[in-house]
Amino acid sequence: MPEPVPSLDDAAERIRNRYPRSRVPRQLVVALVGLGALVGLGWLIWVATVHAQPAVSGQLAGYRVVSDTETELTLTVQREDPSVPVTCLAIAQAIDFERVGEVQVAVPPSEHQLVDLTVTIKTLRRASSASVDGCRLQG
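For any residue, its number in the working numbering is found by taking its place in the sequence shown, counting from 1, and adding 3.
Take the hints with a grain of salt, since some may be wrong.
[Stated by the list, open to error] Quick list of in silico lysine to any residue cross-link-like pairs, SDA-like style, CA-CA up to 20 Å:
no.: 1; residue 1: K125; residue 2: D71
no.: 2; residue 1: K125; residue 2: R67
no.: 3; residue 1: K125; residue 2: A97
no.: 4; residue 1: K125; residue 2: E105
no.: 5; residue 1: K125; residue 2: I94
no.: 6; residue 1: K125; residue 2: H115
no.: 7; residue 1: K125; residue 2: E75
no.: 8; residue 1: K125; residue 2: D99
no.: 9; residue 1: K125; residue 2: V108
no.: 10; residue 1: K125; residue 2: T72
no.: 11; residue 1: K125; residue 2: Q96
no.: 12; residue 1: K125; residue 2: V68
[Said to hold, decoys possible] The following label-pair restraints were derived from C-beta to C-beta distances:
no.: 13; residue 1: A64; residue 2: R129; range: 19 to 25 Å
no.: 14; residue 1: A51; residue 2: A14; range: 30 to 36 Å
no.: 15; residue 1: W46; residue 2: R21; range: 39 to 45 Å
no.: 16; residue 1: P28; residue 2: V87; range: 51 to 57 Å
Because the hints were derived from the structure by calculation, they are not lab data. The C-beta atom is built at its ideal place from N, Cα and C for all residues, glycine as well.
All chains, full assembly: derive it from the sequences and hints.
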């Protein structure tokens, strides 16, 4: 005698018994996920706003290779508070990208937020480029 085929109602009942309903209401889960997304988005906007306007920045305005042992660099430093001293690292690189010279540039307090400085970097061999490796506030 062939075995009876279970009905769809029996299968649905077995599944309901095997996998009971969640104890946490679905609306609560949706609300918590939404709240988490809002907090994450708020944090992301805050981080982007804070880091979009650094307290100090340095940019290369130009450079000139004077000789095999000397490179002249002009850098522009911008800071929110011009009364705070700044230190920048200026570097010179050879054609193979090796650092052949570097100098710490001290930018003293001034009345202006934007300051242009010309610096001479002594090099181990002829440089092919120069750049500013970053600036930071002192103190």
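How the hints compare with the structure:
| no. | hint | verdict |
| --- | --- | --- |
| 1 | K125 x D71 | holds, 9 Å |
| 2 | K125 x R67 | holds, 12 Å |
| 3 | K125 x A97 | holds, 13 Å |
| 4 | K125 x E105 | holds, 8 Å |
| 5 | K125 x I94 | holds, 10 Å |
| 6 | K125 x H115 | violated, 28 Å |
| 7 | K125 x E75 | holds, 9 Å |
| 8 | K125 x D99 | holds, 18 Å |
| 9 | K125 x V108 | holds, 13 Å |
| 10 | K125 x T72 | holds, 6 Å |
| 11 | K125 x Q96 | holds, 11 Å |
| 12 | K125 x V68 | holds, 10 Å |
| 13 | A64 x R129: 19 to 25 Å | holds, 21 Å |
| 14 | A51 x A14: 30 to 36 Å | violated, 52 Å |
| 15 | W46 x R21: 39 to 45 Å | holds, 40 Å |
| 16 | P28 x V87: 51 to 57 Å | holds, 54 Å |
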